[in-house]
Amino acid sequence: MGQTTSVIHLTRRGPILIALLVLTFLFASVHILRSGTEPLRSLSSRLRTSSNTFLTANDDKGYDYDGLVPSGMADTLAEVYEDERLSLLSNIGFNQDSEEAAVRTRPGGLDPDFNAYITRLETFVDEWFGGSKHYSYLNKMLDRLVHAQPPPMREQEFQKNIISFDKDGRAGVPDEFAYWDKRMAGQGWNVEVGDDESMEQWFNSATQEQAGREGIDGEVEPEFGFGDGVGAAKWRTLWDSLQRPVLKADLLRYLLMLVEGGLYTDSDTAPLSDINLWGTNAHHLTPPTLRVLQRAMRHLSKMPIPGSELESETDFDEDSATNPVDEVSLGIKNPRVALVVSVEYDVGHERQDPRFGYTRDLQIVQWTFLAKPFHPVFLDVLETATHDITQRHQSGKGEDSWQAILDGTGPGPFTDAVLRYLLIQYGVAPSQLRGMEDGALIGDVLLLPLHAFGSYLGGEEDWNAHDPSTRCVAHGFRGRWKGDINFEERKRKRSGNITFKERRTVEKKPFSFFENKQTNKQTNVVTTLQ
Numbered sequence: 001m002g003q004t005t006s007v008i009h010l011t012r013r014g015p016i017l018i019a020l021l022v023l024t025f026l027f028a029s030v031h032i033l034r035s036g037t038e039p040l041r042s043l044s045s046r047l048r049t050s051s052n053t054f055l056t057a058n059d060d061k062g063y064d065y066d067g068l069v070p071s072g073m074a075d076t077l078a079e080v081y082e083d084e085r086l087s088l089l090s091n092i093g094f095n096q097d098s099e100e101a102a103v104r105t106r107p108g109g110l111d112p113d114f115n116a117y118i119t120r121l122e123t124f125v126d127e128w129f130g131g132s133k134h135y136s137y138l139n140k141m142l143d144r145l146v147h148a149q150p151p152p153m154r155e156q157e158f159q160k161n162i163i164s165f166d167k168d169g170r171a172g173v174p175d176e177f178a179y180w181d182k183r184m185a186g187q188g189w190n191v192e193v194g195d196d197e198s199m200e201q202w203f204n205s206a207t208q209e210q211a212g213r214e215g216i217d218g219e220v221e222p223e224f225g226f227g228d229g230v231g232a233a234k235w236r237t238l239w240d241s242l243q244r245p246v247l248k249a250d251l252l253r254y255l256l257m258l259v260e261g262g263l264y265t266d267s268d269t270a271p272l273s274d275i276n277l278w279g280t281n282a283h284h285l286t287p288p289t290l291r292v293l294q295r296a297m298r299h300l301s302k303m304p305i306p307g308s309e310l311e312s313e314t315d316f317d318e319d320s321a322t323n324p325v326d327e328v329s330l331g332i333k334n335p336r337v338a339l340v341v342s343v344e345y346d347v348g349h350e351r352q353d354p355r356f357g358y359t360r361d362l363q364i365v366q367w368t369f370l371a372k373p374f375h376p377v378f379l380d381v382l383e384t385a386t387h388d389i390t391q392r393h394q395s396g397k398g399e400d401s402w403q404a405i406l407d408g409t410g411p412g413p414f415t416d417a418v419l420r421y422l423l424i425q426y427g428v429a430p431s432q433l434r435g436m437e438d439g440a441l442i443g444d445v446l447l448l449p450l451h452a453f454g455s456y457l458g459g460e461e462d463w464n465a466h467d468p469s470t471r472c473v474a475h476g477f478r479g480r481w482k483g484d485i486n487f488e489e490r491k492r493k494r495s496g497n498i499t500f501k502e503r504r505t506v507e508k509k510p511f512s513f514f515e516n517k518q519t520n521k522q523t524n525v526v527t528t529l530q
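The numbers in the numbering used here rise by one with no breaks, and the one at position 12 of the sequence shown is 12.
Check before you lean on any hint, since a few could be wrong.
Unchecked claim - Below, in silico cross-link-like pairs of lysine-lysine (DSS-like), each with a Cα-Cα straight-line distance of 27 Å or less: (1) K234 - K248; (2) K167 - K182; (3) K133 - K160; (4) K397 - K234; (5) K167 - K333; (6) K160 - K248; (7) K333 - K234; (8) K397 - K182; (9) K167 - K397; (10) K397 - K160; (11) K333 - K397; (12) K182 - K160; (13) K167 - K234; (14) K333 - K160.
To be verified - Have a look at the derived ranges for each label pair, beta carbon to beta carbon: (15) I92 - Q394: 38 to 44 Å; (16) D175 - P107: 27 to 33 Å; (17) P288 - P335: 17 to 23 Å; (18) A233 - R106: 26 to 32 Å; (19) R291 - R236: 40 to 46 Å; (20) E157 - S136: 32 to 38 Å; (21) K160 - E197: 22 to 28 Å; (22) W402 - T76: 33 to 39 Å.
Source of the hints: derived by calculation from the structure; they are not laboratory data. Note that CB positions come from ideal geometry on N, CA and C, so glycine has one too.
With the hints as extra help, turn the sequences into a complete structure.
This is the structure we're talking about:
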């Protein structure tokens, strides 16, 4: 029966694989013969050989039991993919200095050099996750990046965990936050609001500092014995040095999304539409040539290893290769979507009123995002944030400036990490993301448009009020973190040992969205939450 199934699978796939391979080598031939296009950099050092023996177990035929792609073929496809990515950037006239100036990112923040990108992430994994059980998964993710593949967990469903933080846990969140329970509970989502103690436990779990601790879902995880690892020690030193609670909240949301996945959202948010409708009206922005190449690599990875058990018939959708369905219409149900984010500020958008206080002129929302585990974006932002904190401490700079926080651990570095990933993995420049009306699917990233996660639009607040695919989350903009000076003051508040003049409070007022729901459009959206 197994041999019969094998023949059927190979027979059905044969024409598809041949067609994809022909297209692939046509790409290779075109790039070899192409003239008049200067690549942005050489391909000579694009590919690396992994020294991590736990990643691969090749048999005498050269098959990789982990990636299921013959190593030589995978390298060839990756070289072709990288050549095409760089050609695409050259064709649109990509200029790093101009792009960085337009976004207002840090110098070097939009470097298209893959080698610099991957080396930085590799070094960070070795230094900060050494001795952790997450180390092998992170290296697997980096190995996939080298071979132009999306994150390893991308074809699993999103973890149905919703995480938020408040110093008083559930008791401290605004009333509107309860809408997450009302809307998501029936779909199996678990909503957790971590107080200071929970944040410490989750930090230990994410960094593997202590074994046998309680995880996010309340279950005690088995003892792995990684507490003596160099990575855990570095995380603990950094964590204990942070005085501003918001810095810990920033780092922890990235850590949890990296190793656990799920939905992070600030405690002053509420859902406006069903999560399964988010981004269902987006458009494809992945370059078609790269889509073909990734599809070729994806189908090659489904080829059976001689003597191994074949995947089930449902693992391969023949129609998706020859006559692909509209992946965009699936929203987060698209198995290849691994990260969902939204534009917060786009100075070039016709509906955007220019305002002060943003760290980037094309900024990504940092108060809500959805991710599958081990996504490079969160590894990248953690590398940048830890480096910034370390540099500031070494230079004697404090943590008091809220603008420094926004640009050190907040939406500044998070935006840079998202834009870098789109540039490095899919050859999509920030200038191609300006002025979006309906969002975009870019490889494994679903980028929702301005205002989808409740960014401020002033007189355009009613824009897309009826569209559940682009009006997804309301945000209260309480900004309580700006008045939360440090943990010592927080403890004094709880004990009551603080004078009236020293007390810093932020009035609990309703979301502006709910407060102004008298208009018909807004009432219609809010009614869906009842």
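Query raised in the report: K397 and K182: Cα distance at most 27 Å?
Result: 44 Å, violated
Report task. Could you check the hint for me, namely that K160 and E197 are 22 to 28 Å apart, CB to CB? Result -> 24 Å, holds
Query raised in the report: Given the hint that K167 pairs with K333, does the C-alpha gap stay at or below 27 Å?
Result: At roughly 33 Å apart (the allowed maximum being 27 Å), K333 and K167 break the hint.
Requested in this report: Mind checking the hinted window 27 to 33 Å against the Cβ distance between D175 and P107?
Outcome: Violated: the Cβ-Cβ distance is about 44 Å, outside 27 to 33 Å.
Query raised in the report: K167 and K182: Cα distance at most 27 Å?
Result: 23 Å, holds
Query raised in the report: Are K160 and K248 close enough, with their CA atoms no more than 27 Å apart?
Result: 23 Å, holds
Query raised in the report: Do the Cβ positions of R291 and R236 conform to the proposed distance bound of 40 to 46 Å?
Result: Between R291 and R236, where Cβ atoms are some 43 Å apart, the hint holds.
Query raised in the report: Within 33 to 39 Å or not, the Cβ separation of W402 and T76?
Result: 50 Å, violated
Query raised in the report: Is 38 to 44 Å right for how far apart the beta carbons of I92 and Q394 are?
Result: Because 39 Å falls inside the window, the suggested range holds.
Requested in this report: Given the hint that K167 pairs with K397, test it: the Cα-Cα distance must not exceed 27 Å.
Outcome: Measuring from Cα to Cα gives roughly 26 Å; hence the hint holds.
Query raised in the report: When you check the alpha-carbon spacing of K333 and K160, does it fall within 27 Å?
Result: Between K333 and K160 the Cα gap is close to 13 Å, so the pair holds against 27 Å.
Query raised in the report: Within 27 Å, alpha carbon to alpha carbon, are K133 and K160?
Result: Holds - the C-alpha atoms of K160 and K133 are around 22 Å apart, at most 27 Å.
When held up to the earlier numbered hints, the structure conflicts with 5, 7, 8, 10, 11, 16, 20 and 22 and fits the remainder.
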